[in-house]
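> Sequence:
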Amino acid sequence: MTPIDVLAHARALLLDFDGPVCSVFAGIPATTVADQLRDVLADGGHADLPEEVAMSADPFDVFRYAATLGNEEARYTEAAFTAHEVEAISSASPTESAHDLIRAWHASGRSLAIVSNNSTPAINAYLDLYDLRRSVDFVAGRTSPDATLLKPNSALLDQAIGALGVDRRESVFIGDSVSDIQAARAAEVRSIGYANKIGKQKHLRAAKADAITASLVGLAAVCR
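Mind the numbering: the sequence shown is residues 0 to 223 in numbering that gives the first Met the number 0, read in order.
Hint data in this document are derived by calculation from the structure and do not stem from the laboratory.
Remember, it's a predicted structure, so these values are computed and weren't measured experimentally.
Heads up, some of the hints might be wrong.
Stated by the list, open to error - For lysine to any residue, the following SDA-like pairs were computed, each having C-alpha atoms within a straight-line distance of at most 25 Å: (1) Lys207 <-> Ala219; (2) Lys196 <-> Arg184; (3) Lys196 <-> Ala213; (4) Lys196 <-> Thr31; (5) Lys196 <-> Tyr75; (6) Lys199 <-> Asp166; (7) Lys199 <-> Ser214; (8) Lys196 <-> Gly44; (9) Lys199 <-> Asp175; (10) Lys199 <-> Val177; (11) Lys201 <-> Asp166; (12) Lys201 <-> Ile211; (13) Lys201 <-> Met0; (14) Lys207 <-> Asp166; (15) Lys199 <-> Arg184; (16) Lys199 <-> Glu187; (17) Lys199 <-> Glu51; (18) Lys196 <-> Ser22; (19) Lys199 <-> Gly44; (20) Lys199 <-> Asp209; (21) Lys201 <-> Asn152.
Construct the complete structure from the given sequences, taking the supplied hints into account.
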């Protein structure tokens, strides 16, 4: 099945944020944010980190580890993470054709939500920056220090589907990670894997995405 086939039969479009909509850390590298979160943990007395956390370039790895240390650690690490994400929005790089897809889908009269492990304040800041808020019906982003609610858990997708009031069988989620596809399968939602980097197509296919695309160019035309 092609991405166009999947979209043609959908009444609701769910979009991951970092990747399908923009590159959040294009201007502020993710590894810099991960380092800053490690500094937050160190200030709280947690300098001796497992090697995989100490060496990771992914701030989500640091945040998920912080959540295992206790509620207080999770709260202050999540708050710092959100602040860094919001700061990064001014230098985030829009994904080619993503804005066209969002606006075209909205103009078609169908529902659209952003569903992301990124924080809701950061997502809203981006939508305001590019005047996209009127084209997005709902944002299901990170709003708490509870890391278990993030994808691959289906909680955020379930929240978006409930808010939109649509049938999950008529919804499609575009995401660029294996955890996105896993969350879509858990939510019983069709998925399009966005293989925006070399090697991703293989992993997204193995995760059983319903379709895969290397570009969003041309998808907006399906909505018109």
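> State for each hint whether it applies.
Hints, one by one, checked against the model:
{"no.": "1", "hint": "Lys207 <-> Ala219", "verdict": "24 Å, holds"}
{"no.": "2", "hint": "Lys196 <-> Arg184", "verdict": "22 Å, holds"}
{"no.": "3", "hint": "Lys196 <-> Ala213", "verdict": "8 Å, holds"}
{"no.": "4", "hint": "Lys196 <-> Thr31", "verdict": "21 Å, holds"}
{"no.": "5", "hint": "Lys196 <-> Tyr75", "verdict": "32 Å, violated"}
{"no.": "6", "hint": "Lys199 <-> Asp166", "verdict": "29 Å, violated"}
{"no.": "7", "hint": "Lys199 <-> Ser214", "verdict": "12 Å, holds"}
{"no.": "8", "hint": "Lys196 <-> Gly44", "verdict": "37 Å, violated"}
{"no.": "9", "hint": "Lys199 <-> Asp175", "verdict": "8 Å, holds"}
{"no.": "10", "hint": "Lys199 <-> Val177", "verdict": "9 Å, holds"}
{"no.": "11", "hint": "Lys201 <-> Asp166", "verdict": "29 Å, violated"}
{"no.": "12", "hint": "Lys201 <-> Ile211", "verdict": "10 Å, holds"}
{"no.": "13", "hint": "Lys201 <-> Met0", "verdict": "16 Å, holds"}
{"no.": "14", "hint": "Lys207 <-> Asp166", "verdict": "21 Å, holds"}
{"no.": "15", "hint": "Lys199 <-> Arg184", "verdict": "18 Å, holds"}
{"no.": "16", "hint": "Lys199 <-> Glu187", "verdict": "22 Å, holds"}
{"no.": "17", "hint": "Lys199 <-> Glu51", "verdict": "22 Å, holds"}
{"no.": "18", "hint": "Lys196 <-> Ser22", "verdict": "12 Å, holds"}
{"no.": "19", "hint": "Lys199 <-> Gly44", "verdict": "37 Å, violated"}
{"no.": "20", "hint": "Lys199 <-> Asp209", "verdict": "14 Å, holds"}
{"no.": "21", "hint": "Lys201 <-> Asn152", "verdict": "22 Å, holds"}
Violated hints, in rising order: 5, 6, 8, 11, 19; the structure is consistent with all others.
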